[in-house]
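Q: Read off the chains here:
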Amino acid sequence: MADPVSSAPGGTADPDEIARFTAMADAWWDPTGKFRPLHQLNPVRVQFIRDNVCRHFGLDADAERPFAGLDFLDVGCGGGLLSEPMARLGAKMTSIDAGAKNVEIAKIHAAKSGLDIDYRNVLPEDLAAEGKRFDVVLNMEVIEHVADPQAFMAASAMVMKPDGAMVLSTINRNLKSLLMAKIGAEYVLRWLPAGTHDWKKFFKPSELARLARAQGLEFTDIRGMVYNPLAGTWSLSATDLDVNYLAFATRG
Amino acid sequence: MSAKTSSTAQSDAPEALDVDVLISGGGLAGGTLSLALAQAGFRVATVDLENMATWTDQGFDGRASAIALSSQRVLAGVGIWDVIHQETAPMLDIRISDGHSPLFLHYDHTELTDADGVSEPFGYMVENRSIRKALNVLVPNTEALTYFAPNRIQSLDRAADAAHAVLQDGTRIRAKLVVSCEGRRSPLRDQAGIKLTKWDYHQAGIVCTVEHEKPHNFCAQEHFLPSGPFAILPLPGTADKPACRSSIVWTEREDLWPLIMDLDDEAFLEELVERFGDFLGGVTLVGPRFAYPFSLQYAHEYVKDRFALVADSAHGMHPIAGQGLNMGLRDVAALVDVLTEARRMGQDIGSLAVLEHYQRWRRFDNTLMLAVTDALVKLFSNAVEPVQLARDLGMAAVGQMPDVKRFFMRHAMGTVGELPTLMRRTSA
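Same order as they appear, the protein sequences are chains V and E.
If you count the first sequence from 1, position 127 lands on 140 in my numbering, and the numbers rise without skipping.
If you count the second sequence from 1, position 401 lands on 718 in my numbering, and the numbers rise without skipping.
Treat the hints loosely; a few may be bogus.
As the list claims (entries may be wrong) - Restricting the straight-line Cα-Cα distance to at most 20 Å, the calculated cross-link-like pairs of lysine to aspartate or glutamate (EDC-like) are:
| # | chain 1 | residue 1 | chain 2 | residue 2 |
| --- | --- | --- | --- | --- |
| 1 | V | Lys120 | E | Asp517 |
| 2 | E | Lys621 | V | Asp43 |
| 3 | V | Lys125 | E | Asp478 |
| 4 | E | Lys695 | E | Asp517 |
| 5 | V | Lys105 | V | Asp73 |
| 6 | V | Lys125 | E | Asp335 |
| 7 | E | Lys558 | E | Glu530 |
| 8 | V | Lys125 | E | Asp474 |
| 9 | V | Lys47 | E | Glu673 |
| 10 | V | Lys47 | E | Asp517 |
| 11 | V | Lys217 | V | Asp234 |
| 12 | V | Lys213 | V | Asp29 |
| 13 | V | Lys125 | E | Asp622 |
| 14 | E | Lys695 | E | Asp572 |
| 15 | V | Lys213 | V | Asp161 |
| 16 | V | Lys174 | V | Glu138 |
| 17 | V | Lys47 | V | Asp211 |
| 18 | V | Lys125 | E | Asp337 |
| 19 | E | Lys531 | E | Asp572 |
Keep in mind the hints are simulated off the structure, nothing from the lab.
Given the structure is predicted, the values throughout are model-derived calculations rather than measurements.
Let the sequences and hints guide you as you build the complete structure.
A: Below is the structure:
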């Protein structure tokens, strides 16, 4: 392996992005560290996934392990912040990241947590080539970091089972998101290291929907994530998609 | 039976007991938390220093607690209320008076009605030992709860993956979260390096139970005397005299209370009656007397990785407003909500990200109550004339303003603020 950062160069991954996140890998599981916003976002992300997956597959959302029996793929899993809650809720997890160090950190953490998660340092197109197919594909906070969004969406759609679902989340591209998600979060609040996001790579909901539609996917739900600075918590909003938002997509 | 004593627990077992939550301290708050979490589907281990067979003895704890309406819902939710409701007395009126001033404040529960026009009592008086008796009934019958008593946590290692505890008898327990319900002197809190601020009121509460000739009519009385508040709190009586027993909390300065405690029963009763008055007829002393020094203390943090403080280990206040156990039960109900929601969202229940929600929810509320009780103590343990006049006028003024009065009454009932699920009124 020539590149110590990634064993999966080329493809849909962007080497600069991989290097940037790998440098922060040790901080993934520090809830007060660099990834604090993701820790805080986690409950609402899980809520959105849980509600939509249960509705789509006709599962009991109040069960302790509602995802039992479903194969999940977490694309761009990082340190496993979302993979672990999914596994606790019963999902059979395959989690991939282009950063080799992220995958190692995630493996160690899952072992400590006593969770069975198949972490792999591959790209979605590698799994597609292997013929792997999943009930649910999670593309959370990842599409704004890839080199070729169109190819990435195509590879992600290919690993979905015919009646499967895809969950996407990203950041809107407008003046408010530039102010809040980029300048506010990176430079003012210092929630994220400066340079974490490239605002030009953000997607408007309509653009994301178009990318999905090109792969035969339709959005059945879309919600904004809104931060309450007083409570320090995030909540889902049906109307405010201005900054962070989530979408649930299925094949028509 | 899931309750284990030291003699039956296996000390050389190689396998650790694996639980979701390990609770140190199984008293009023810890026992309630143990039941609530076990009933919510968590696996719980609880460790207590005391022998459950003797902690209901009359000499163990002579105190009675005021249970606000919202706290009563918590106790009902976990099944304790069902066991003890015969041993509780409703507080239908609260009468507050200042020394021998003619002005007083009178709260009548019928002034406050719900949408259906029904008025509920302000709360209930319950002897602490009644709650312990109920725990003795419920704990052994709770499947998901393992109780270790008398026992203690000898060593605790809070690692990234889980907390690992070794009990005095050698039992090893692995838990996602450790909760201290150890009370004001919490060894685990100190070990976790959580700072504590504390000050002494230089007062103690002399606590005893009396019987009186006339019925109290379920009215709680608080007289503000120069040395501090003197409270007469209604307890249920006997079958033939149903409302003729009360719990006394008699505040006395630190230089005086030891002398009063040393008096023989006859002289003690004489001092008591002088403060009690004769409005309930003749008074007799039943059971032993106790003295509890009053202080205020608060922990600077409620949570660490895999660790949380609940009730008195997080905050201890003066009993002037009868809120100590109520605040503790609010902590209990809030923690149950936070952990249940975290599990629903697949979160690690011992992670700081989850526990911070509990801290944010409870610390402000508790700090506010500490400040209010502290201000009340300072206001009412003061014999300076203008202060006395001001508080007399203040009490009379509050009595004249129905909205302000109702506000105070709702606070007394504990139904203000963001309520955890266990504290909300159910339609049933």
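Q: Can you give the numbers of the hints that this structure goes against, from lowest to highest?
A: Numbers 1, 10, 19, in rising order.
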